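A.B. asks: Sequence:
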Amino acid sequence: MPDTAAERKLFNGSRADAIAASVDDRLVREPRRSDRFAQFGDAETVLLVAGEQEERAIELALAYGVAWAGRRRLVLALPEESSTATAQRIPWLRAAARPALWLHDGRRAVPAPERNREDTVAAVTASLGGTTSEAEFRRAATALHLRDRADWVTELVDLATRDDRLDPAHTQSERSWHHRGQRVLSVVRTSGGVRVRAGIHHSADPERHTWPLKGPLSAAELKAIREEVDAAIAARSSGDDPAVRRDDEHLLQAVLRRNPAVVGIEQQAMREVPAWRPTDTARGWARGYVDLVGLDGNGDVLVTETKLEKNADPLFLLQGLDYLIWAQAYRAALTGRLGAADGARIRLALVVGARSDGAPHLPAYTRALAAALDDDVPWTARVVRGWAEPDPRPVGEPLDLLP
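Per the numbering used here, the sequence shown starts with residue 531, numbered consecutively.
Keep in mind that the hints were calculated from the coordinates and are not lab data. Any given hint could turn out to be false.
[As the list claims (entries may be wrong)] Label-pair distances were calculated between CB atoms; the ranges are: (1) G769 x R563: 38 to 48 Å; (2) P928 x R817: 24 to 34 Å; (3) T684 x A816: 49 to 59 Å; (4) A889 x A754: 43 to 53 Å; (5) R725 x A670: 39 to 49 Å; (6) A816 x G888: 29 to 39 Å; (7) E610 x R695: 43 to 53 Å; (8) A889 x T684: 28 to 38 Å; (9) A816 x R647: 20 to 30 Å.
Since this is a predicted model, take the numbers as computed values, not measurements. Backbone N, C-alpha and C define an ideal beta-carbon position, used for all residues, glycine too.
Please build the complete structure, drawing on both the sequences and the hints.
C.D. replies: And the structure:
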């Protein structure tokens, strides 16, 4: 196992100096505000240098740098094979806040090729390796079908569909139902049959409360499964286990899916939409899931990114921006699935789930990045309250993210 702390100390303590000098030899070392990055600067410029040892945390350099730069010009020096996310995001910032991006090989840095917004949208499509966005989206967003074995579980599926305590959350690999954002029932195909799982789905114990089927469910099996589902619903709603009964982001997303108008979606709300987002890693791209997508009152496509107030994620706004760019690349697939007009715009909604009254507490990075976004980036923000109650009655209102 690599010793990240030791690698960080070596890189930031010595190797970063040569890289900084190759960017601008007039810059001097400054006190670090994060152990992850070496910092250099002068009266006009601040430079953050990141090493490969930071892996996916490299993308924090943009969020931190925008917040820390103040009136100084921001420069980022990132590993040459680990800069996709940062390169994708920079063109969407206003010119005065847009950092200069340099790429280094561990010894010296050179300026990165400049991208414009069209380049960032094209990069999403190029990452698909020749597959069209429509074909990829249809494959990724089409839920599992049990085909000739569907009749084995039809009675169970009908019961789940009629149960207003459950929400469908089907994926490529399984058909599943959630209660308050917690998976409590799932059905998958196996090599020789079907496997049903009921109850709280603990990843550490995947075989718990499972029924491997080689034919139709018996009455006794159906009864046992229903009892497990009922017990899981009770545990999630009013149980004593804080690991199960908790006001987490899954609950917020589930409540918003049932009440999409709270965030401005009028119809065709899709939850956990499979997407692609960039990463500052050698791979460059990773599967992500958009919390909620639908049409607003104008018929425009609204892409939402949600976070809890207590989750002080510096990348909140940037992750939302990633999905806005992805949606631009997948315009035809999304407008086709949603039945949107050809001229429909694509907009981003940042949603913060709060438990208390008053302005939600958000990290300074989020507000700095909000101020740095270019004026024509189509985004809005809302705060939602009342989502964590036993009988949720969520209320949304506009949220000012500017500092």
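A.B. asks: Each hint: holds or not?
C.D. replies: Here's how the hints hold up against the structure:
no.: 1; hint: G769 x R563: 38 to 48 Å; result: 42 Å, holds
no.: 2; hint: P928 x R817: 24 to 34 Å; result: 31 Å, holds
no.: 3; hint: T684 x A816: 49 to 59 Å; result: 36 Å, violated
no.: 4; hint: A889 x A754: 43 to 53 Å; result: 49 Å, holds
no.: 5; hint: R725 x A670: 39 to 49 Å; result: 22 Å, violated
no.: 6; hint: A816 x G888: 29 to 39 Å; result: 35 Å, holds
no.: 7; hint: E610 x R695: 43 to 53 Å; result: 51 Å, holds
no.: 8; hint: A889 x T684: 28 to 38 Å; result: 50 Å, violated
no.: 9; hint: A816 x R647: 20 to 30 Å; result: 21 Å, holds
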